[in-house]
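Enquirer: The primary structure of each chain is shown beneath.
There are 2 protein chains.
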Amino acid sequence: RSPRTVRGLASIKPPSSLFAPLDTFPERHIGPDDAEVSKMLSALGYESMDAFVGATVPPKIRVPAASVDNTSIPAVSESQLHARARELGGQNKLFKSYIGMGYHSAVVPPVILRNVMENPAWYTPYTPYQPEIAQGRLESLINFQTMVMSLTSMDIANASMLDEATAAAEGMVMAFVSASSKKKTFLVDSGVSPQTLAVLHTRAKGFGINVVTGNVFALLEDETLRSGICGVLIQYPDVNGTIKDFTSLSKKVHSLGGLVICATDLLALTKLKPPGEWGADVVVGNSARFGVPAGYGGPHAAFFAVTDRLKRKMPGRLIGRSRDTQGKPAYRLSLQTREQHIRREKATSNICTSQALLANMAAMYAVYHGPVGLLRIADKVHKFTQVFKTSVEAMGYKSENQVFFDTVTLDVSGTAVGNAHNVHAAAEAAGINLRHIDESHIGVTFDESVSPADLVALLDVFASGAKVSTVSLSDLAEPKTSAIPESLQRTSEYLSHPVFNKHHSETEMLRYIHHLASKDLGLVHAMIPLGSCTMKLNSTSSMIPLTWPEFSNVHPFVPYDQVKGYRTIIKELEDDLCRITGFAAASLQPNSGAAGEYAGLSVIKAYHESRGEGQREVCLIPLSAHGTNPASAAMAGLKVVAVKVHSDGNLDLEDLKTKAEKHKDQLAAFMITYPSTFGVFEAGVQAACKIIHDNGGQVYLDGANLNAQIGLTNPATCGGDVCHMNLHKTFAIPHGGGGPGVGPICVAEHLAPFLPSHPAMPEKGELSIDAVSAAPFGSASINVISWAYIKMLGGQGLVDSSKIALLNANYMASRLAPHYTLRYKNENGRVAHELLIDLAEFDKAAGLKVTDFAKRLQDYGFHPPTCSWPIATCMLIEPTESETLEELDRFCDAMIQIRHEAEDIITGKQPKDNNLLKNAPHPVSVMTLSDSEWNRPYSRQTAAYPLPWLHEKKFWPTVSRIDDAYGDLNLICDCPSVEEMTS
Amino acid sequence: RSPRTVRGLASIKPPSSLFAPLDTFPERHIGPDDAEVSKMLSALGYESMDAFVGATVPPKIRVPAASVDNTSIPAVSESQLHARARELGGQNKLFKSYIGMGYHSAVVPPVILRNVMENPAWYTPYTPYQPEIAQGRLESLINFQTMVMSLTSMDIANASMLDEATAAAEGMVMAFVSASSKKKTFLVDSGVSPQTLAVLHTRAKGFGINVVTGNVFALLEDETLRSGICGVLIQYPDVNGTIKDFTSLSKKVHSLGGLVICATDLLALTKLKPPGEWGADVVVGNSARFGVPAGYGGPHAAFFAVTDRLKRKMPGRLIGRSRDTQGKPAYRLSLQTREQHIRREKATSNICTSQALLANMAAMYAVYHGPVGLLRIADKVHKFTQVFKTSVEAMGYKSENQVFFDTVTLDVSGTAVGNAHNVHAAAEAAGINLRHIDESHIGVTFDESVSPADLVALLDVFASGAKVSTVSLSDLAEPKTSAIPESLQRTSEYLSHPVFNKHHSETEMLRYIHHLASKDLGLVHAMIPLGSCTMKLNSTSSMIPLTWPEFSNVHPFVPYDQVKGYRTIIKELEDDLCRITGFAAASLQPNSGAAGEYAGLSVIKAYHESRGEGQREVCLIPLSAHGTNPASAAMAGLKVVAVKVHSDGNLDLEDLKTKAEKHKDQLAAFMITYPSTFGVFEAGVQAACKIIHDNGGQVYLDGANLNAQIGLTNPATCGGDVCHMNLHKTFAIPHGGGGPGVGPICVAEHLAPFLPSHPAMPEKGELSIDAVSAAPFGSASINVISWAYIKMLGGQGLVDSSKIALLNANYMASRLAPHYTLRYKNENGRVAHELLIDLAEFDKAAGLKVTDFAKRLQDYGFHPPTCSWPIATCMLIEPTESETLEELDRFCDAMIQIRHEAEDIITGKQPKDNNLLKNAPHPVSVMTLSDSEWNRPYSRQTAAYPLPWLHEKKFWPTVSRIDDAYGDLNLICDCPSVEEMTS
Ligand SMILES: Cc1ncc(COP(=O)(O)O)c(C=O)c1O
Ligand SMILES: Cc1ncc(COP(=O)(O)O)c(C=O)c1O
Ligand SMILES: O=C([O-])O
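Top line first, the protein sequences correspond to chains A and B. Counting from 105, one number per residue, gives the positions in the first sequence under my numbering. Counting from 105, one number per residue, gives the positions in the second sequence under my numbering.
No lab work stands behind these hints: they were computed from the structure. Some clues are possibly wrong.
Interface residues of chain A toward chain B, partial, derived using beta-carbon atoms under 7 angstroms [unchecked claim]: (1) Gly522; (2) Ile536; (3) His540; (4) Glu582; (5) Val628; (6) Ser643.
Chain B is nowhere near these chain A residues, computed Cβ spacing over 10 angstroms in every case [stated by the list, open to error]: (7) Glu151; (8) Arg166; (9) Asp349; (10) Arg447; (11) Glu532; (12) Gln1045.
Each residue gets a CB set at the ideal place from its N, CA and C atoms; glycine is no exception.
Could you build the full structure based on these sequences and the hints that come with them?
Expert: Here's what the structure looks like:
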């Protein structure tokens, strides 16, 4: 028989018994089948997988097979996983929540749900570092920025933040670093949400900022504070619903040299005078109510907008407009320089992965509804709130606030119901959640999802509390006036850009979504071999439960007994992550890798402090480390000391030792990535960790490369005390075109007591650090993806995945080595799960840069590997286990063909300035140039179809190479206006 | 403010009250907003919509506004619809079904579910009549054909049939027409499924075939029958599970000059000697268990495979391989000539819309599993059945069949349980359905979805019936031998084509699915203005409930009390359709428009017979009718008499009258499409119907154009007695790239008693005709789409949709009229919902054919309108209400620009043989030709970007114009083989 008989390492054998399921996941997740594995092993000269792994992973650090196997993590099939997810989903109670505090039941327009959130063309791509094959999501992110700028009336906004609390913390730090070094006091209004306050407390610590909470108006009058104020944070509307006029307060803060940071709500801003009009310097908030499911806390996109003078200090990613080499308008990531790779320990923010997918959903929501639609929604929310307030007041309840948008705080003391507890009990019996404030106060927040029947049911709860008769809909009169005083009402227009006023029919919206998607290269097209990013399959099975209402429609602050399903998933995921890392406890709160680093280092700091060693502030970090490492260390209040690395990527153990001993008494931590950022399994890792421990420090292991380790070694065995994982790398959460991410940390036993707490968690450990993100379990809903991934692979599948990840990388290394300079291999000739090739020679020989190779790869239909990191002249290539041999070969063939093209340039057959690489990429529009315009010493065919398979399947970049210099000079970060569109 | 303030006719006013929902559907469904409507009305010279409609629809046939309005059909919002669908879904009980009879719980691979079934790029396109922009689904349909050919071992297979029963009926008819005219007896084995038999009975009537049922082996020995036999139908395995060797039987049938039609099961064929190896001439079956949800009966793809000598007689659509003008391989629809447009009343099949989307799902399932995966599944199913049989035999039950694949029939009489009724009662109490056969027999069929726990639960039912102790999984031994005798086992290989042995990892599968999708133009890209096809929005909201298990995982023959939700939806949909058509009763059984025609005419025939007027066999049909009309009439046993039409499309009433009177005593029916196929609201329709009624006939109204009528007129008012609707046109079921469809009929009171029955319906009316399709409610699951569509639009939204459909068409007519010859307008200058332009002049002037214009439209990113029908030199353009003015203008601009291009050819500026139209379409590959190869008297820019907006958004055909002559000469209908791929 000609057909291949089996696929995938895990499927070598037929089903183990008649009663074993057939829809097993490992054979679908792992790309190479048995035949391919054998072929690769023999290409590398190994008789068996074991021999190969033995030569690749240092024996000293290997862990027993039993550490991760099907006994410890039993594999379930895809349909079994769904059955289990349904069962657990059923244990999450779908109460109607009026808790508010920044979280709402969003109404996701179905066309966006299905065509963005559930569409792999949107959720599988990477951060748009390669703009020529990412114009779709770049345009959408520009829409997001424009939406934020327009609604807040600020000059510039970035392309999303992790959540409102961390965005507020970034604002605080911006105020701190903008002010003179003596100004260390940051005022936080008591109307700020408690989760934001908690995150501010954590973040303030590292920077030495003095956070003072209270009524900001009063605090500003306090002479003892005034001179030290670097900024204030106010919330508008505040967490209790009140809306205050901050115009004069802003003037006062400015006169003191401080910044005004305003946390706000985009929907409210359709009706409220925007912060940009009354003096805010920084405006932050969360865009989740624009059509992003609550998901028990996230993910969703927060935003960050500033006045023009602060724009070059903004954290995060900023999309800008530029032009391509043909002079056509094109989008790109601007101001990447602000990211931590450049500033390292001088960075004041470590944000890297953000929330692109969710920002795109929110932007699409604004595109779909437009200004009029948003106002209709805001009006409804506002009026429902008014009707509610009027009705309960008629029953005898007292409202604390008369001015509001969507939230009222009620004082229930002195009413028939007696106290808040009784109201909550009645509400819960009716399937309703209200905000718990204190014994006598209750918060009630309305959102778009509240139906008239919901409102009546809610009023019934209050009526029965007040012992009055229930109301019916016909009793409820539509309010005639607004509860927002005229002086606070918005008069300026918003979202007048054409994009928000065009795609309002579903057909148009659908076409817009698909049109943008068609410009972007994702995993639906080809391998994305981004080193350090682990772009593996994001399986449909693991994505499906995510958008079930039982997971998506849960407020993060509901009582624990309503989320038994979520809690089981969280517990199981934590347990599995501990098993995989060899650690004792985990926290899923950090919502990105960088947030995990920050959390882990803060835990280490707290540990030292608990032992009276608060002076331990030095953090050793190799020069080769990812830029987030030093940035995170600095944010956690550590002083970074750089450790040298050898040119092959290995740590300079001598230097490490010297520095550890030198800083013996101050040594807090050592941060190390394993395998290293060079793709190196350093045999000396345990020795390095021992040096640190011997000198009183703790070891932080950056787990970005955990995919190389599972079941073969683990961070604990390597010698670490803490590690973070990127669930959006190793554990198959899609990258979403630049986020979401989840960066949980696992810690050794002795650090467990210090893991982050959260105001919404029932108890706070005595030693716990404060919250590091806005929701108790971070981006909780997408944990379901990693949970499903782990359970479906099972222990064996996880280990096999790591093995194949190593094999795929080594196979590629062996194919490319004759053509390119491989920067590192171990004594057996092996790399880890990724390979680093150095292109420096081409620059020397012919002025060809890494970028030229990268852009030319686009012409071959591939997303280029990670470029110029960790070494400026290199490419870091990571295939992952999900790619088949055929795909690896396709990529290698492309690289080799480009090598030939380069040779022609080196030998002078092709000119140095006008050639296939320098002119790459070649979009279709270039193909249609007239003969005179074409003007290149090679044919269109050679440009477009350098290898035969491109005739059958080719992804076309939609623009020519983007002019970065032009973009840097002309920083424009919003959509084109009507005038520009028509000019 | 610059933003437009409102969208869509239904949203002229702000929400009617605070308590009105905001996520209302009409404003999303209807493309033009208020401003656009006003603009179009004034372009046409009307002050109001009423004035426009008044001038467009003949006053005589108008119906009162109250006939369809928000009182009779209240509008619900999108979220309200989902809430209601959840509630009704909850009323469908998810029992585990072992009923079999051709229906199974399919396990849909998640990657296919989400990326094909739930992906508008796959479900919105039309039948691939324009192959250059449909290479993706053409390739997939070739995969389907190859899969069927390979598994059945037949020479050729078509691209799907509506269901197994109608496919079997087509086989019977093929046997009938292939044989000498004296052979009218068709034998049907008693092992054939009852629903197939019922459909054969219906179908046999019209052709005068004598269906004889019984044991075919015995029947063939019957001397009285032998000489008249044209064919036999056998089922393999049969409905009771038995598998017989039909080798000698086939020889016998052949020696009698008959055809052997075999109904079979694709999964069984992985293990059984295929029918092509033992002599079958025609093989039919249903591919639903290949990953297509049961959906309470459908849709799913049936198949039809024949030996080479029968290939040119096959019904349905056949995809073939050909090449394009550049000589590249390319797919296309072959043998379209066999469709009814050409053969009309000589056609023996009326199938038009088939089941493309579901065929693609089944084909993708085979691509995903490959031969080995399918065999694994078949082995599991077979062994579970063996384990079950062994276990229940040990409990004392008797099996009727010892040879089987997945089904056993048990005789429960004489066991402790006593009778079948008691077994069913116990099973139902355990949430299990078994097949009801009779008092002592029960059928049990296994499928891929049965888990070990399910098996144990099933055995428990039997154990308790037998009063023996229950079994546990560990008691169950894996069978060592097969229950299929060696002589019946398959030895030949199958699915050895590369496509079935490549895409087995999810990543590869995902890329294959998206790669194919990227070649096809659908509604996600642009307007598809296909006249007579009503390509409107297929809203996400209406699609979402479809794939909930509560709707998708329901066997069609479960007891009514398990499908309360479905029954409510069916009832509500029937009621609304009656309201809309003005009729009294409906049947949702027909699963295409053509099937509806056939059902409706059969009803008319039965009516006449019931009145003792069985001689009424003449059916008058205008020459302009769709080809399915005469074909359906012929199939229903009617004699077609053509009625003339005037050149403007209006009926020749004189001719009608003459013929009606001439055939007075034989007059059965008159078929008319309204508005006519010319897009004409004929004022004389009532007069025409009166002529028919006066002469004893009934009027059949083809409702393909119902979108022009809703709430303005209706088929009853026009004078009809029966009509069918195309729910896949007027009521927004997606076309799926060539199916599924639903073609329900509505009838006047006097015809209600004759509506189709079905063996699975609890009662059969005395006068009912037999079944017309395999399931009682046809393609039941997709009725949910139309139900949702109607409920979300509400009466007002439905009427507004029709109005805007008329307005859009008239606006386009007014824009195109200065440039093209509009074939028809009424006395007020108005067309109906579509317009017919005549291109004859261009052929005369410059040899430019309709096809040349159509292919050039592809270069502008549009799907061409319906070409050369109903008039060879015309294009029929139907925009629907879902397109915005901007899109209409884009299309008109393209048509006008093409007119200019044609002018250059007419005037000789461009040569007649080498020009933009003749060379169209221009795929990217042509752009990359070298300058010498390019060799055209126009630039690449002019070819690719004739209008400016194409620079921003352009859909590229993937091949050049396809060489039909070559394809006709070389009929190749399977995938390329390994050899061809590598040559
Ligand atoms: C080695 C390393 N550490 C940390 C990070 C930061 O992770 P995140 O982007 O999730 O914040 C990355 C991200 O690429 C990384 O590669
Ligand atoms: C006028 C008319 N009648 C009947 C039909 C047949 O409908 P179906 O393709 O659903 O069988 C069509 C299909 O396009 C049609 O246009
Ligand atoms: O499909 C049609 O024949 O219109």
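Enquirer: So which of those numbered hints doesn't the model satisfy?
Expert: Of the numbered hints given earlier, those the structure breaks are 1, 2, 3 and 12, listed in rising order.
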